[in-house]
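J.: Single-letter residue listing:
Protein chains: 2
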Amino acid sequence: MADDGATKHKVVIIGGGFGGLLAAQGLDKQPVDVTMIDRRNFHLFQPLLYQVATGGLSPANIASPLRGILRHQRNTRVLLGEVIGFDLTAKHVQLKDGTEVPFDSLIVATGSTHHYFGNDKWEEFAPGLKTIEDATEIRRRVLSAFERAERSTDAAERARLLTFVVVGGGPTGVEMAGAIRELALHTMRYDFRAIDPATCKVIIVEGQNRVLGAFHESLSAKALRALNGMGIEVKLDCHVTEITATSVTVKPDGGKAEPYKIETANVVWGAGVKGSPLGKILAKAAGIETDRAGRVPVNGDCTISNRPDIFVVGDLASFKGADGKPLPGLAPVAIQQGQYVASTIVRRLKGESPGGNFKYWDKGSMATIGRAQAVGESMGIRFSGYIAWLGWLFIHVLYIARFENRVLVMIQWFWNYVTRNRAARLITGERSTDARSG
Amino acid sequence: MADDGATKHKVVIIGGGFGGLLAAQGLDKQPVDVTMIDRRNFHLFQPLLYQVATGGLSPANIASPLRGILRHQRNTRVLLGEVIGFDLTAKHVQLKDGTEVPFDSLIVATGSTHHYFGNDKWEEFAPGLKTIEDATEIRRRVLSAFERAERSTDAAERARLLTFVVVGGGPTGVEMAGAIRELALHTMRYDFRAIDPATCKVIIVEGQNRVLGAFHESLSAKALRALNGMGIEVKLDCHVTEITATSVTVKPDGGKAEPYKIETANVVWGAGVKGSPLGKILAKAAGIETDRAGRVPVNGDCTISNRPDIFVVGDLASFKGADGKPLPGLAPVAIQQGQYVASTIVRRLKGESPGGNFKYWDKGSMATIGRAQAVGESMGIRFSGYIAWLGWLFIHVLYIARFENRVLVMIQWFWNYVTRNRAARLITGERSTDARSG
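Going line by line, the protein sequences match chains W and Z.
Numbering-wise, the first sequence is residues 6 to 443 according to the numbering used here.
Numbering-wise, the second sequence is residues 6 to 443 according to the numbering used here.
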């Protein structure tokens, strides 16, 4: 409670994503004062963001207000604010509005952001998919492209508007490409009079020699076949060298062949992420260096260098796994690290011995490709097709289960599956007098 | 079909609201070519917009893509565009992008917009509720006010942030006030640590001597009692003279008493509407005048002056009812006028005699006040309380029934009713680098 908080151990958590939220929930009913700081008032289920970007789900279906989730956790307060710095000597974090929030233990879990590998000007033409606003912006662009194509009388422009390039063949890229193709092929099949949406081209550009590089090669091959079967073109070993409003320039053959242009008005960025900017600020304050991807190197117990009171978890942390490589930026890693850090803090307060280093339990990973198409692997078993898709559905609904959106998401999905409809395909977000009436 | 369209009677409909959409649907399978022009790609169920503004429903729950609704109506094409003018001699409408769309019959149904009675600068501080963007903006403001109050250490500022003034005691004002009060009293009851949301003040300022002035006086009295019972303050006979970022100045006693200030950071405008700007453009082109509220006067058959080929329906039309007063700007009026105009066009094409003037069949009206509280009157029968609320629920679900969102809305409402939760209370819409990560 706030009134006797002065005497309690203060835990400050920055970021209400998977890592931060699970850390907060792990501290429920413990004798600590928890302050959860986030710039947004909701926890976002990022793995389903591509569904919002393609009109399958509404933002509220995959976002849950942090205050609502933590409402009955009386030792926890939620603070809507932006952290801009740290005073690690005085032990407080600095908010943009000047507030200083003191901590005894600090958990930084601000995740990752898009990484354009030094080509930040590409962002304007190739938005990434990290926030609700990203998703509704991509939705606006994709749907507007079909509208503009319907209006266009210029064949070249029409073709450009109906060409969608997804940069990156990881799970996000594959899911986006599949969803755009389904939107065109099924959902909007009868919607237009001048164009046939099914003539749209969806192209994935991937720098490696296979899609879903984190999966077993056989699953990459299966995913590629499924993508091709849906009419999606996949350019492997293909590097992007330029993105403009009307084209993407690529170099095939691992960048060795001659570059050529793909005429397109629609590019989605699913290629790279880097640690959120707060990682660099924290590293500087602690006198350490982030890695090349802007992630903060952490010890085996998720603390940084010689600060046992400061934890970094989730996408922002560079945690060396058993193979010496950093753990991937996946929700399960963040979830397990958040839980681990909470239990570490509780152990310390109880005076118990440390519980050993964090170990990531890889329960497996999955990627969905399209309607009834997915691949997955878990504990050495690989699966694909309809069964994998059902598994994907089940697990994602289960994850959302802790919040109240599960029923709505299930019904929406079932409805979409039966009718191939996507009810949330609204072009919104241009609030101006223009958009007012009519 | 587009290919033999040249020979068919061309009907152009501007606006995909209730009036325009029902007109289009009334022309299904008729030997006409229909072009539906709208600035937005969706039909909006405006009566439930206040639910989006208060986090109860998602935008997609009350909006349905026009192309989706009209997809199987093969004689109809949807055109996303903005009409900026008319050439009534050459018989075409002019779009912003330079396109000219020819018509044989024209139906203008662009509805209404906010009316600040000459004080347009109030709009910044007192947004109205007409579009999806209006609703998410009001949602952002209302939710942010509670967040800022939780952070504030200044008692006066906190009180100002927790005071909500709704200007106008019509159905929109009453619904908004009730929903904000419920949000504070129930939904967010346990969400904060520094403030008690239940201490928020919700005030309705109404210029007339009763709320819901369009209803029978006994229902106005019942609504007032229900509002007061919910802790909502209602200031009747009270005129707004100034709105700023921090206050609303009102003059009580019908504007005769001394003005005083209500300190508030949150004002919602529900007081006045006027015809959409396109009404004036059409009137000028036709050589007629709009009425004081910017509505286009129409004949008994919904045509304008001596142009039997041009119809105006819905909120934009000033149609004199049996009592000599213009029909109110309600969805049922627009729906019936849209249907009437479609059948008029069909009759003409078939060479049948005119079917008589439009007659509004007033099936009754309803207004909801809060959880299980509503008033309604239909064919001389007045009802209120729980029964009225169930009736309101039933009728609104029925209206949405023509689109596929009914199931989702019902479940969301049932869920909200049982849990008093409002899942869609997301603060979104500030797309900037600031909002990106964290």
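Since the hints were made in silico from the structure, they are not lab data.
Heads up, a few of these hints could be off.
Note that identical chains are pooled: a pair holds if it fits in a single copy or bridges any two copies.
Within a straight-line C-alpha distance of at most 20 Å, the following computed EDC-like cross-link-like pairs (lysine to aspartate or glutamate) qualify [stated by the list, open to error]: (1) Lys-101 x Asp-159; (2) Lys-101 x Glu-152; (3) Lys-355 x Glu-152; (4) Lys-256 x Asp-296.
J.: Decide, hint by hint, whether the structure agrees.
T.: Going down the list of hints, with the structure as the test:
Proximity of Lys-101 and Asp-159 under a CA criterion of 20 Å is satisfied inter-copy only: 18 Å between copies versus 49 Å inside one chain copy. With identical chains, the CA atoms of Lys-101 and Glu-152 are at most 20 Å apart between copies only, with a shortest distance of 15 Å across copies and 41 Å within one. Neither within a single protomer nor between protomers do Lys-355 and Glu-152 lie at most 20 Å apart by alpha-carbon distance, with minima of 62 Å and 34 Å respectively. Proximity of Lys-256 and Asp-296 under a CA criterion of 20 Å is satisfied in neither setting, with 27 Å inside one chain copy and 63 Å between copies.
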